[in-house]
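Colleague: Protein chains in written order, with the working numbering: chain A, 2 to 660; chain B, 9 to 131.
Hints listed in this document are in silico derivations from the structure and should not be mistaken for laboratory results. A virtual CB, placed ideally from N, CA and C, is assigned to each residue, including glycine. A few of these clues could be false.
What the hints assert, rightly or not - One-sided and incomplete, this derived list gives chain B residues near chain A with beta-carbon spacing under 8 Å:
#  : residue
1  : R21
2  : F22
3  : A26
4  : S29
5  : T42
6  : T43
7  : A64
8  : R94
9  : L99
10 : K114
11 : L117
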Amino acid sequence: MVYVRVRPSVFRRLSGLLAGVVLVAAVSGLIELLDEHVPVLSLLVLYLLAVLPVALVWGSAFAVAVAVASAVVFVLLFLAPVHIRIAEQQTVFPLVVFLITAVAVGQLAARSQRQAREAARLTEEQGALRRVATLVAQAAPTTEVFEAVTREVGLLCGAELARLERYEEDGSVTGVAAWSRVPARLAVGTRFALEGLSVAAQVRLTGGPVRVDGFAGASGPIAREARQLRIRWSVGCPIVVAGRLWGVIAASSRSDVPFPVKTEAQIADFTELVVTTIENAQGREEISELLENQAALRRVATLVARGAPAAEVLSTVAAEVGRVLGAVATAIVRFDPDGLVTVVARTGEHRDQVAEGSRWKLEPPDVLATALATGQPATLHDYSQIPGPFAAEMRGIGIQAAIAIPIVVAARSWGALSIGTRDERFPLGADQRMASFTELVAVAVADAESAAELAASRARVVTASDEARRQIERDLHDGAQQRLVTLGLELSLLQSSAHPDLNELRSGIARISAELTEVLDELREMSRGIHPAILSEGGLGPALRALARRAAVLVDLDLQTQARFPGPVEVAAYYVVSEALTNMTKHADASYVTVLMEERYGTMRLSVQDDGVGGADPARGSGLVGIRDRVEALGGSFEVTSPVGEGTLIQVALPIKSG
Amino acid sequence: MLRRCLIVDDNERFLEIARISLERQGLEVVGTATTIAGALLEAAGLRPDVVLVDVALGAESGFELTRRLVEDFPELQARIVLISTRGEEDLADLIASSPAVGFLSKSLLSAAAVRCLVDAGGC
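Chain A with its partners taken away, still in its complex shape (with noise of 0.2 Å):
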């Protein structure tokens, strides 16, 4: 360790040294071949050349000592054998006029050197920083800028090893990008924790640039790394992301010579560009996010629009929330009218704990009772504490923490959306997020809820209607029906004791009977039209045999139930066929037609097909319109096929249910 330590230094030397003697040697050996051509004195200026490239290799030091040890080699060799006076002046002014050349000549040179050396390391330091840049305009992605910026500084610096590692909140750090000339295991990707002596803990310490000098002697499992990897010398400097220290650059070397007073300069160049590629990241993030949550949103939205059963829009809420915010479950819960809440909807893991379609009684602290009780978001961070069956569900499905916000619809609190969380740290506007889901719930329950309302309150319009023109008939029928009837019997009493001789009273009783009798019959047909009295009394086919026996068209029935049903549908199905035997007889100039009515699986089936002309259009005000509304009313289906010339055919479908 020592040997490797000092290596450098003694090598440098000694090739320094071995250098200055080999080109002394060789430029004497050139004096000597020229010396019997030129004065010697003269040729004292060709010890530069050896000179010149110690103090470009070597510096400035080493060409002092060349210098001066040309001069005495000089001396020795080509001044002392011809005994040349050396205190002669000829002698001595050329030897110092030699020596302050060469000292001055190897001084240029050996700045002009390290001025190119600096050159070529700012250069180098400017390209590393372009490549790095480029990457980040390039929005590469964030792992490969880490790493680029580890490698480059570790080059720059011109380290053993180089590490970029994120602080952790639980004061641990995470390995981010690592870069090594020497075999090292570089842990990434994982935790490890800040024990004993290290570059990240010093910068966390210090919140600035830091210097470890060795960790001999230092504890730690991070100091016994740097021991076995031998470095020596560590610089570290911090990444602060918006105010906040995100992480580390930490640069490692085996020399016993120290990081340039510069190093950290350099460094923080590079750190800027590791900011700007986090603070990247995290804006592409947070669109990214906002993106998936628009998506999500519109989704749900497009089924709200579209009218979607509520069930449906319940689920695919509960679906995209509790995937666009990670949720270990989410869940949506109805408020219902005896306290108790019915879990509607419910994704996520475990799906049999807290079921969809269980019931619970909740009360606060708990996230969904107080959502419900304020009308307000509510979150609790630890379920651990909360009594109850529905609290250690939520345990069970290892919820720790859970958001509530409550569905408002028509100014009350309807339900709740939930997630829960495996610890406390909940998704980035998680509330506000899911507050956009909730709004589109409410949309959509307040449309259910008006949409089974508007069903309700047609039927019943209709069923009132029905009620009234069966009393209208029955009316009808117990007083002035009875009454003309009983009249017509009088007058026939009167006539009959009636003197034989009064011909004129007895006819005219017969007159005014006769009158009465038609009177009757246009009452009679008025009261039918009103309500069919033999639908109440026998049922539907006793009403459509009569209906098919008073037709101006041969009706072929085929009835395939006896069975009697609600009031409504019966009513319904009599006046289907009742109207689509009226426009047969009317516009299709129809001879034949055919009506069948089944049930089955709960719905009562009609269809009504004649041999006519074809073309009639059921939205143009013909009855059928009346027919539709009613069929509609109680939720069945109602279908015309009229192709010009092939006949038509109204299909209805109405659903039994009773009461």
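Please build the complex by placing chain B on the supplied structure of chain A, with the hints as guidance.
Modeller: Relative to chain A, chain B alone:
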């Protein structure tokens, strides 16, 4: 020869006029009733030769009464005539399926018409 008649109708005024009319025509009206229970009671006590039954007895059904009369008094089989202010064609199915011998529109009620229906040989 039919002599004794029971009329069942929920309209008192009609019962009164019908009684006078039929009796003048030689058909004795031994009793009247306005309900199923009353009619069954009268039939048991009076043993009429013929019963005229209104199809609509308020909330009760003349068809129902017809069935029960024939059930209780088998001798009344083919001796019950249904009457109504409503038309025969409207009720045809129900009349056909009831044990009544026939139907008479109230405005055409007469002793002769009753005899004609019950006593096939009488007209």
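Colleague: Each hint should be assessed against the structure and marked as holding or not.
Modeller: Status of each hint after checking the structure:
Hint status for R21 (chain B): holds, given a least beta-carbon distance of 5 Å to chain A, under 8 Å. Taking 8 Å as the C-beta cut-off, the interface hint given for F22 (chain B) holds, the closest approach to chain A being about 5 Å. Hint status for A26 (chain B): holds, given a least beta-carbon distance of 6 Å to chain A, under 8 Å. Checking S29 (chain B) against chain A by beta carbon gives a least distance of about 5 Å; that is within 8 Å, so the hint holds.
This hint is violated: T42 (chain B) has a C-beta 12 Å from the nearest C-beta of chain A, more than the 8 Å allowed. For T43 (chain B), the suggested interface contact is broken, since its CB lies about 15 Å from the closest CB of chain A, more than 8 Å. Interface hint at A64 (chain B): satisfied, since its Cβ lies 7 Å from the closest Cβ of chain A, which is below the 8 Å cut-off. With 8 Å as the threshold, the beta carbon of R94 (chain B) comes within range of chain A, its nearest partner Cβ sitting at about 6 Å, so the hint holds.
Given hint, L99 (chain B) at the interface with chain A, holds; its Cβ is 6 Å from that chain's nearest Cβ, closer than 8 Å. This hint holds: K114 (chain B) has a C-beta 4 Å from the nearest C-beta of chain A, less than the 8 Å allowed. With a cut of 8 Å, the hint placing L117 (chain B) at the interface with chain A holds, because the nearest CB-to-CB distance is about 6 Å.
Of the numbered hints given earlier, the model fails hints 5, 6; all others are met.
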